[in-house]
Amino acid sequence: MVGMKPKDMVPSAAVKFFGAGTAACIADLVTFPLDTAKVRLQIQGETHKTEVASATKYRGVFGTITTMVRTEGPRSLYNGLVAGLQRQMSFASVRIGLYDSMKQFYTRGTESAGIVTRLMAGCTTGAMAVAFAQPTDVVKVRFQAQVRVADGGRRYNSTLDAYKTIARDEGVKGLWKGCMPNITRNAIVNCAELVTYDMIKELILKYDLMTDNLPCHFTAAFGAGFCTTVVASPVDVVKTRFMNSGAGQYSSAVNCALTMLRNEGPTAFYKGFMPSFLRLGSWNIVMFVTYEQIKRGMTRAQQYWESMVGFGPADVPPSAAVKFVGAGTAACIADLLTFPLDTAKVRLQIQGEAKASAAAGKGSAVKYRGVFGTITTMVRTEGPRSLYSGLVAGLQRQMSFASVRIGLYDSVKQFYTKGSDHVSIGSRLLAGCTTGAMAVAFAQPTDVVKVRFQAQARSSGHARRYCSTMDAYKTIAKEEGIRGLWKGTAPNIARNAIVNCTELVTYDFIKDTLLKSTPLTDNLPCHFLSAFGAGLCTTVIASPVDVVKTRYMNSALGQYSSVLNCAAAMMTKEGPLAFYKGFMPSFLRLGSWNVVMFVTYEQLKRAMMAANHCTTVL
Numbered sequence: 002m003v004g005m006k007p008k009d010m011v012p013s014a015a016v017k018f019f020g021a022g023t024a025a026c027i028a029d030l031v032t033f034p035l036d037t038a039k040v041r042l043q044i045q046g047e048t049h050k051t052e053v054a055s056a057t058k059y060r061g062v063f064g065t066i067t068t069m070v071r072t073e074g075p076r077s078l079y080n081g082l083v084a085g086l087q088r089q090m091s092f093a094s095v096r097i098g099l100y101d102s103m104k105q106f107y108t109r110g111t112e113s114a115g116i117v118t119r120l121m122a123g124c125t126t127g128a129m130a131v132a133f134a135q136p137t138d139v140v141k142v143r144f145q146a147q148v149r150v151a152d153g154g155r156r157y158n159s160t161l162d163a164y165k166t167i168a169r170d171e172g173v174k175g176l177w178k179g180c181m182p183n184i185t186r187n188a189i190v191n192c193a194e195l196v197t198y199d200m201i202k203e204l205i206l207k208y209d210l211m212t213d214n215l216p217c218h219f220t221a222a223f224g225a226g227f228c229t230t231v232v233a234s235p236v237d238v239v240k241t242r243f244m245n246s247g248a249g250q251y252s253s254a255v256n257c258a259l260t261m262l263r264n265e266g267p268t269a270f271y272k273g274f275m276p277s278f279l280r281l282g283s284w285n286i287v288m289f290v291t292y293e294q295i296k297r298g299m300t301r302a303q304q305y306w307e308s309m310v311g312f313g314p315a316d317v318p319p320s321a322a323v324k325f326v327g328a329g330t331a332a333c334i335a336d337l338l339t340f341p342l343d344t345a346k347v348r349l350q351i352q353g354e355a356k357a358s359a360a361a362g363k364g365s366a367v368k369y370r371g372v373f374g375t376i377t378t379m380v381r382t383e384g385p386r387s388l389y390s391g392l393v394a395g396l397q398r399q400m401s402f403a404s405v406r407i408g409l410y411d412s413v414k415q416f417y418t419k420g421s422d423h424v425s426i427g428s429r430l431l432a433g434c435t436t437g438a439m440a441v442a443f444a445q446p447t448d449v450v451k452v453r454f455q456a457q458a459r460s461s462g463h464a465r466r467y468c469s470t471m472d473a474y475k476t477i478a479k480e481e482g483i484r485g486l487w488k489g490t491a492p493n494i495a496r497n498a499i500v501n502c503t504e505l506v507t508y509d510f511i512k513d514t515l516l517k518s519t520p521l522t523d524n525l526p527c528h529f530l531s532a533f534g535a536g537l538c539t540t541v542i543a544s545p546v547d548v549v550k551t552r553y554m555n556s557a558l559g560q561y562s563s564v565l566n567c568a569a570a571m572m573t574k575e576g577p578l579a580f581y582k583g584f585m586p587s588f589l590r591l592g593s594w595n596v597v598m599f600v601t602y603e604q605l606k607r608a609m610m611a612a613n614h615c616t617t618v619l
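Under our numbering, the residues of the sequence shown are numbered 2 to 619, in order.
There may be inaccurate statements among the hints.
[To be verified] Here are the in silico distance ranges between beta carbons for each label pair:
(1) 102 with 72: 20 to 28 Å
(2) 557 with 471: 20 to 28 Å
(3) 514 with 443: 45 to 53 Å
(4) 64 with 102: 26 to 34 Å
(5) 537 with 133: 16 to 24 Å
[What the hints assert, rightly or not] List time: in silico DSS-like cross-link candidates among lysine-lysine, alpha-carbon distance up to 30 Å:
(6) 606 with 419
(7) 174 with 414
(8) 517 with 574
(9) 419 with 165
(10) 368 with 574
(11) 414 with 517
(12) 606 with 414
These are calculated hints, taken from the structure and not from any lab test. Glycine is no exception: its CB is placed at the ideal position from the N, C-alpha and C atoms.
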């Protein structure tokens, strides 16, 4: 946070966010048993009304750990680890990753930062982090407090079950239970921890006691851990008790604190002090030391990357091979990450047909509601693998389809503009339509097979249409002829002309505007914003054609006489809203797909250009 000279490259916001989250997760993995011991000691004095109180007595840090291992097994020390890592990845990214930016905001960019400014920055980022990550903290504490006894039922069976049970039994508000004491606790912790670390490190560097290296980070982190534990322990105990309490046990955090004081005396507020200090001290050391090293490593990598590739218009343009391979690979990565949303979208889009088939006794009557309802229903009735039905065909499609439609876009755009630097919106639209149509003509069979796989339900009472990707290609060709593999080409060309025009042109246009009219450079935030905007615009415009394309591709032989007949049947039987079925998963999928794909594509393109440049130089 301090100690870097002005000439040093300042870490970007992305570097700070990712570095802080990763470092916090590593620190949590190392120190989690101490945190669990702390929670057990903090809640020891209270007796639950809704649960049979455990007769287990904990004494001291290592006594608690030993007792837990003996009575519940070693795994009990890591109860709530998943929620803990979720918490750190979201919580630490905000409270630590934003601290320097918030400090600069309060100082109006001046180099001098007073103690009040540091305190304000610490309070602000701490409160923001709690508001964002509170549900993960509630689940973590509940898991850590839950005793695994042989004859007693456990409150929660898994992290996901904990989120669902708390939301069902206590309402969504239950996931934000103890938010106020947690904000108070984290305002204190953040101020004490970050400000103390910042000041100790600054003093060490100012008086040349050490350089900005590992021993300096270790000393500053240890001092920050001790100060934080002393100051924050009372609020931490109240926060833990209140979060872990059953519905109605305490009317408020203040009531919880008063009950503790009345029943157990003032020393109750320092229960678990030793594990708190051991945990927070060691956590701080691991976290801050790791954070400083990750931040430096990523900054150096970014600096090296920029020196190798650069961002200016004079750069050597990527070759056609780079664009082809980069686009195909990036699209496959995006598909792997977002495929369940695409499958949910297909199921929702064909649901009107599925109802009709079920009424006629020809299919399943499974009802899908919303994006996550569809995913949950599929996992429950068909298993998790059903979300990835058709993945092989999907990856085949992306490798061939995206390589053509994205890889050729710049070349076709240059063809229409006759090499001119000025590119009109008409030229962009023409280029998008052309590459979209070419890609569909080339990759249509893979899309047909993908949609068929995604649409077929793995229910116990019905035979599956296709056993494998190769079987699907062969069966469709045998039963419907080779033309069956190109079924729905017309609506798919229409859909992809719209998608390609909207997606590529919007991305191209937004990126161009951001580079010309904002301080953003050709980097990750610019690519992210451009991709997200392109995803939103594309979903709104292309959804009706996408639904018709999906229905027609998935239809049995002779079900519809043509694409127009399919659209007319939808309008007659289900009304105009049928054309926007699956809109939310379409947007979630296309928005996230666009972000992953375009960001990955830009980075792959640069990496391949850098590698190509190195090879040429050598």
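Hints breached by this structure
Violated hints: 1, 3, 4, 7, 8 and 9; rest satisfied.
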